[in-house]
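Here's the letter readout for the chains.
Number of protein chains: 2
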Amino acid sequence: MRKVFLTILLASPLIVTGCGNSQEQASTGGGAGVEPTTHKASYTADGHLIRPDNWREWIYIGTPVTPNGLNGGEAPFPEIHSVYIDPTSWKHWKKTGTFREGTMIAKELSMAISEGAHEDGSTDQVSGRGYFQDIFSGLEFAIKDSVRYPDEPGNWAYYSSGHAPGVAYPDTMEALPAQACNTCHEFNASDDWVFLQFYPVLKEAKGG
Amino acid sequence: MRKVFLTILLASPLIVTGCGNSQEQASTGGGAGVEPTTHKASYTADGHLIRPDNWREWIYIGTPVTPNGLNGGEAPFPEIHSVYIDPTSWKHWKKTGTFREGTMIAKELSMAISEGAHEDGSTDQVSGRGYFQDIFSGLEFAIKDSVRYPDEPGNWAYYSSGHAPGVAYPDTMEALPAQACNTCHEFNASDDWVFLQFYPVLKEAKGG
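Same order as they appear, the protein sequences are chains H and Z. All residue numbers for the first sequence refer to my numbering, where the first residue is 1 and numbers rise by one. All residue numbers for the second sequence refer to my numbering, where the first residue is 209 and numbers rise by one.
Keep in mind that a hint or two might mislead.
[Unchecked claim] Partner residues are not named here, just some residues of chain H that face chain Z (Cβ under 7 angstroms, in silico): (1) R56; (2) G62; (3) P64; (4) T66; (5) Y131; (6) C184.
[Stated by the list, open to error] Pairwise CB distance ranges (calculated): (7) Z:H256 with H:E174: 49 to 57 angstroms; (8) H:P170 with Z:A253: 51 to 59 angstroms; (9) H:E115 with Z:E382: 33 to 41 angstroms.
If you're looking for bench data, these hints aren't it; they were derived computationally from the structure. Just so you know, these numbers come straight off a predicted model, no measurement behind them. Beta carbons are placed, not taken as given, at the ideal position from N, Cα and C, and that holds for glycine.
Chain H on its own, in the form it takes in the complex:
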């Protein structure tokens, strides 16, 4: 099962993401009034990433869409990818145009609504024919950390819950082997291992 998953990742890894949590103060996000001053990933004693619980209140950067119906019935990342960056790294990006030490990017996958779908997986809704989010199908993180990942290309490590409609997100995650994600990112992503070419929000906000 794990092997199949990794093979899929090897075959066609993507945008991915990085994750984190605040060690200093729980992030309340969304204008609750108290934001952590610095977002940081947390790890278990044996080095596994502790899944943050507030990535949906990070800064949204974009949504690549790879429907199963356009990918032989099984997209490498099924199907709609909602991608976020942690707020501290967003501020740094706006100021410097670079991804800081500790940058966390989250990618949450969701399936497209399938009732009445065409062969390509699209459905007809009142706003037109296309793809509309249904249930979640995966959660992934990418984290840039030169101290923790000195040997990873670009110092980025990648984590994943695995992919399946309704998959349970684990509380902790082990880093994927470098070749599972990083090779693709290294040679195809346009800015520091991140697929900036697919994120107009990041492109417009790039500072420095």
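Once you have looked at the hints, place chain Z on chain H.
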């Protein structure tokens, strides 16, 4: 031109959105440390909405996708819809499961990358075949306010920049006629004129 745009909206309006700005304090968003305590829409003396400048730092709620290639070459909303809710209304939603007075929802449209596209508008990227964001193509807002919009169904009013690749967003926006957006929302949206059925993030966070 305006008539064409409204006709398109009438033919197939959608998810839409609501907008706002902070009158009390400029929103810095994204964990900058100082968030406004309450997000509010601002208006000109003659009642036009003043476009907020920070919707990309609101809370992301989902991305419907309606490619032109699947909609006769011209989707009602071209093509990838990034939808946000203001942080104050997000907090209220999590607590009560309702959209507060003053709720602002923003929908920003972007075109899919078209270089090398198939007939359906999808392209082959390293992560699979699908739709990947290119340049922005529109900005819309929906605002719920029973005092300002006493006669609108559900007290929701709708605003739009118009749709075109690279369209300039106006500094102020006039509310669209009720029938341009609201009729579709009234009869098709699943929760208080909002298309909750397409927003798993909202569905999972609904309180009350």
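Hints the structure violates: just list their numbers, smallest first.
-> Result: no hint breaks.
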